[in-house]
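Using the hints provided, position chain B relative to the given structure of chain A.
The listed protein sequences correspond, in order, to chains A and B. Residues 171 to 502 (our numbering) make up the first sequence, in order. Residues 2 to 292 (our numbering) make up the second sequence, in order.
Think of the hints as simulated: they come from the structure by calculation, not from any bench. Note that the Cβ used here is the ideal one computed from N, Cα and C, for glycine as well. Be aware that one or more of the hints could be misleading.
Claimed, not checked - Stretch-level coverage of chain A by chain B, calculated; a stretch enters the list once three of its residues show a Cβ under 8 Å from a Cβ in chain B:
# : region
1 : 281-291
2 : 304-315
3 : 424-434
As the list claims (entries may be wrong) - Non-contacting residues of chain A with respect to chain B, defined by C-beta distances greater than 12 Å in every case (computed):
# : residue
4 : Leu188
5 : Gly326
6 : Ser341
7 : Thr346
8 : Arg394
9 : His469
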Amino acid sequence: MDDRTSETGLKKGTGHPLRIVALLIIIACLALFPFVVTNRFYISLVNEMLIYGLLAMSLDVLLGYTGLLSFMHNAYLGIGAYVVGLFLIHISPSSLWLAILAGVAVTSLIALPVGWVQVRTGGLAFALLTLAFGMMFYTIVWKWYSLTGGDDGLMGVPHPDIQLGGFVLGSSGNPTAMYLFSLCIVIICLLLTWRIVHSPFGAVLEAIRENEERASFVGINVRRYKLYGWMYACMLGGVSGGLFILYRGYIGPTTMSAFAGAGVLMMVLVGGMGSLWGPIVGAGIFIFIQDYISTMTEHWELFVGLVVILLVLFMPRGFVGLGDYLTRFRKE
Amino acid sequence: MSILAIIVDIVLNSLVLGGVLLIVAIGLNIIYGLSRVMNLAHGSLYALGAYAGFTLVASGLNFFVALLIAPVLIAAVGLIIERIIIAPVRKRSIVYTLILTYGLMFLLDGLIKYFWGNEPRFIELPEFMRQTLPIAGTHYPVFRLVTLLITAAAMIGLMLFLGKTKLGIILRAASSIPEMVSCMGINMTYVHMSAFALGCILAGIAGVISGPLYTIDPIMGHEMLISSFVVIVIGGLGSLRGAVLAAFLIGLVQTLAEFFVTDLAMVIVYMMMAVILALMPRGLLGEGRFE
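Only chain A is shown next, with the shape it has when bound in the complex:
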């Protein structure tokens, strides 16, 4: 009997032992990375991959598991980052955990009414509304000069120490310490999300994705569960925003633009929807390509557009789909 199915035929959600070993090896490699490659630039690059990986994974909870498309999920990274930054500047420059907590709390507070309005409509209007609300946040950040610094962005965000139970683990201004901190948070979020999407709650979300009408017939309150899924995704977006501002110390409105939103969507597409690790890999590939191409051409937009079109036309399931294809090939 397949170890992924229990007597009732439901997914138990326990991975294959080989998968767990592979995961541990990948985590160990990532943890050792800053000690092997001491170049600050590469550490920051991988750090950015992790942060955007977290954002892309949270978008996939919406897109891949609940079937809800958000065009501007980066808006919630932006909100989280601005809140954490403003907290560190104006309220307390040294309390890192409080700042992240405030970031997640305020992101959820903002996402709640938005989500409440959005889930009242169906899939298509939901997607259009994410675009409208995303543009709204972008406009606010761009025009509210006295609070957000407008076009110049939020500068001079202090770098607090990373403390845990009274111990100082390092300064968030230090790339290696910040990298390890991001890695820990991303892994915790990944495990938590993995647990959630493999719980009965996750099954409800997938039922909604497959057929909203049938889900409501079996007694699922579709609107409420969509809202829960949305809130969870936005909270994770807030966490990624906190990590973003801590590692960069700066955020500008472009991070929240529609174009950056297309980038996040592309990360999910490249990696493949409907799996948690796919979008993280996608984010890694995307950031790497972005870094490589932006040094060569100024027509980066053209490239993103073309790649998104080609992905949808020819590889709609991304790298995960490629993996499925290979395993099927092996079995035959």
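Okay, now just chain B, sitting in the frame of chain A:
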């Protein structure tokens, strides 16, 4: 300025803005209604229309001639897009077409930047349209009045086309029962193509007339795209009367907001949309559910 002059000014400005919004939103609505494709690149096609108008006028053509040629060019571009990119994914989930046309939007924006650059452009107007006309104590630009006439003409033309011509009747039938039209031996491929071309013609017209109204820049389509969604969502998906009502409502609210608070006008429009949706999830005059 007297109170009356201010009111006349605000009413005319909201009519102009609402008219442009309406043309873009109806184009988007026609494409969606007929082929179930929500074309997120519609705003970029509108921007492309403005640039085509700019290039035609800059090369010495009359503004009105440009107004006739540019939409045809956009329709040609639209047909190419429909055949090559949209037709293959029509059968798939709407999520894919949304992502696809979102990518297309950035591709078109990139192409516009590649060919015309980032700097803002202006469409040169004929001499008589640059004057102002005294109306109720205010001096109103003639161009804006001509824009109003063009909008009205475009809407009447659209109504006549959909109501009186054979193709228009087929299109209307296809929007309500596509299977039936298909069973009558009408090739749905041509229906989809004509719907897309019609939507693009409307986007092109709106692009050319908004050239002198606003500045032309590569991302002018983004805000217009969002605004036309707001029109469709508020008015109710697939409802023509709803779209007309919503467009002029948004035109009025945005003009008032620009008059009083300037910077955050769009934010107020979004807030209004949120309130309307919270009260009426189907929009003002929407009959059906969103998919």
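How the hints compare with the structure:
1. Using a Cβ-Cβ cut-off of 8 Å, 6 residues of the region 281-291 of chain A lie near chain B, which meets the minimum of three, so the contact claim holds.
2. Counting residues of the region 304-315 of chain A whose CB falls under 8 Å from any CB of chain B gives 5; the rule of at least 3 is met.
3. Under a criterion of three residues with beta carbons nearer than 8 Å to beta carbons of chain B, the stated coverage of the region 424-434 of chain A is upheld, 3 such residues being counted.
4. With a cut of 12 Å on Cβ distances, leucine 188 of chain A stays outside the contact zone with chain B, its closest approach being about 32 Å.
5. At roughly 24 Å from the closest C-beta of chain B, the C-beta of glycine 326 of chain A stays outside 12 Å, upholding its exclusion from the interface.
6. No beta-carbon of chain B comes within 12 Å of the beta-carbon of serine 341 of chain A; the shortest separation is about 38 Å.
7. In this structure threonine 346 of chain A is separated from chain B by more than 12 Å, as the shortest Cβ-Cβ distance comes to about 35 Å.
8. Residue-level check passed: arginine 394 of chain A sits 15 Å from the nearest beta carbon of chain B, beyond 12 Å.
9. With a closest Cβ-Cβ approach of about 5 Å to chain B, histidine 469 of chain A is found to fall inside the 12 Å limit, against its non-interface label.
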